[in-house]
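Q: Each step along the sequence shown adds one to the number in the working numbering, with nothing skipped, and position 25 is 25.
A hint or two may mislead.
[To be verified] Computed cross-link-like contacts, BS3-like style, restricted to lysine-lysine with a CA-CA straight-line distance of at most 30 Å:
1. Lys2 / Lys35
2. Lys5 / Lys35
3. Lys16 / Lys2
4. Lys16 / Lys28
5. Lys5 / Lys28
6. Lys28 / Lys2
7. Lys5 / Lys16
8. Lys35 / Lys16
Simulated from the structure, these hints should not be mistaken for lab results.
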Amino acid sequence: MKYEKLAILEFNSVRKRMSVIIRDSQTKQITLYTKGADST
Numbered sequence: 001m002k003y004e005k006l007a008i009l010e011f012n013s014v015r016k017r018m019s020v021i022i023r024d025s026q027t028k029q030i031t032l033y034t035k036g037a038d039s040t
């Protein structure tokens, strides 16, 4: 599998998380991965 990185949303203290948007080169499916604190 190969992926293309479309965008990176860097961690900041307001969002308290970071995200990466990738596209699968074969299926063209776009996925958002996020890590960090849950919003409360």
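Q: Check the structure against each numbered hint from earlier and tell me which ones fail, lowest number first.
A: Going through the list in order, the structure violates no hint and respects every one.
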